[in-house]
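Going down the list, the protein sequences come from chains A and B. The numbers in this note's numbering rise by one with no breaks, and the one at position 58 of the first sequence is 58. The numbers in this note's numbering rise by one with no breaks, and the one at position 83 of the second sequence is 83.
Do not rely on the hints blindly, as some may be mistaken.
Straight-line Cα separation of at most 20 Å, EDC-like style, residue types lysine to aspartate or glutamate; simulated pairs [claimed, not checked]:
no., chain 1, residue 1, chain 2, residue 2
1, A, LYS89, B, GLU57
2, B, LYS11, B, GLU86
3, A, LYS97, A, ASP61
4, A, LYS89, B, GLU29
5, A, LYS89, B, GLU19
6, B, LYS11, B, ASP62
7, A, LYS128, A, GLU67
8, B, LYS21, A, GLU67
9, A, LYS89, A, GLU67
10, B, LYS84, B, ASP16
11, A, LYS97, B, GLU86
12, A, LYS128, A, GLU85
13, B, LYS13, B, ASP62
14, B, LYS84, B, GLU29
15, B, LYS13, B, GLU88
By construction, these hints were calculated from the structure, which means they are not laboratory data.
Read off the chains here:
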Amino acid sequence: MHGEKDSTRRRFLGLAGGAAVLGTVPIVTLRPAEATPAMLASAIRTVTGGAAVKTGKIQLDVPPLVENGNTVPLTVSVASAMAPEDFVKSIHVFNEKNPQPNIGNFYFGPNAGRAQVSTRIRLADSQKVVAIARLSDGSFWSASVDVVVTLAACTEEVI
Amino acid sequence: MPSALINVPAKAKRGDIIEIKTLMSHIMETGYRHTATGEFVPRDIITSFACRYNGNEIFRADLFPAIAANPFITFFTTATASGKFEFEWIGDSGFSETASASIIVE
């Protein structure tokens with residue numbers, strides 16, 4: 001019995017040592033799927049249809065340091081008059097490293113008054129969050145924020 | 001047992017920009033998690049949310065697994081006339097819920 005216990009401990013220490021030597025590699029292999037920057041780019045292309053995306057006009061509020069990736073407050077707003085001839089048609093939010101690049105699409109009408117939406121999102125890793133706004137004149141504007149996540153969402157086991 | 005929480009001002013002046021807050025209780029299972037035995041838990045999320053103001057759609061959202069459990073969405077609209085806001089959530093495995101709120105515009 002004593003020997004059995006000892007070998008378990010030794011095995012654990014061996015594994016821990018191995019993990020330390022390999023550095024971050026085991027964390028990456030544990031994740032079942034991960035969107036890549038290429039997937040992010042293609043998801044953005046699906047929305048814009050290849051049109052040029054300019055930086056600005058849009059503000060993305062996410063805390064830069066997140067303790068729990070399961071619920072991250074997010075507010076996106078666009079500086080717009082929201083008049084019938086000039087309004088924000090939609091806001092699209094993307095991420096870089098969740099299993100899927102999309103977070104949400106939000107569609108507005110000219111009567112919205114203010115082009116702003118708030119929600120709570122999940123982030124599986126420290127990563128970049130990107131928001132893109134489509135204006136009624138057909139132009140696209142973007143903003144991005146880097147977020148550091150200490151406890152990741154999505155991939156933990158169900159108990 | 002799904003249930004919605006809606007926050008709409010009861011009264012507003014014509015032309016005011018009002019904030020609408022909505023929360024629907026839902027697990028928003030991502031489909032990327034697995035049990036201790038290694039089986040994947042199937043996806044079960046709300047995929048779409050819409051709000052109508054006196055019959056006209058004023059806001060719509062497509063949701064993905066990256067939206068946190070119990071989706072909380074707030075947005076704005078201009079108070080134009082007294083009437084009713086109708087909210088609708090549609091999701092996986094036949095999930096469909098509605099809620100409504102009324103407003104008096106002076």
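Each hint, compared with the structure:
1. A:LYS89 - B:GLU57: Holds - the C-alpha atoms of B:GLU57 and A:LYS89 are around 13 Å apart, at most 20 Å.
2. B:LYS11 - B:GLU86: This hinted pair holds, its Cα atoms lying about 17 Å apart.
3. A:LYS97 - A:ASP61: 18 Å, holds
4. A:LYS89 - B:GLU29: Cα-Cα ~29 Å, so violated.
5. A:LYS89 - B:GLU19: 18 Å, holds
6. B:LYS11 - B:ASP62: Between B:LYS11 and B:ASP62 the Cα gap is close to 29 Å, so the pair fails against 20 Å, i.e. violated.
7. A:LYS128 - A:GLU67: 16 Å, holds
8. B:LYS21 - A:GLU67: With Cα atoms ~24 Å apart, B:LYS21 and A:GLU67 exceed 20 Å; violated.
9. A:LYS89 - A:GLU67: Measuring from Cα to Cα gives roughly 33 Å; hence the hint is violated.
10. B:LYS84 - B:ASP16: 16 Å, holds
11. A:LYS97 - B:GLU86: 35 Å, violated
12. A:LYS128 - A:GLU85: 33 Å, violated
13. B:LYS13 - B:ASP62: 31 Å, violated
14. B:LYS84 - B:GLU29: Measuring from Cα to Cα gives roughly 31 Å; hence the hint is violated.
15. B:LYS13 - B:GLU88: Measuring from Cα to Cα gives roughly 26 Å; hence the hint is violated.
Violation of the numbered hints given earlier is confined to hints 4, 6, 8, 9, 11, 12, 13, 14, 15; the remaining hints are satisfied by the structure.
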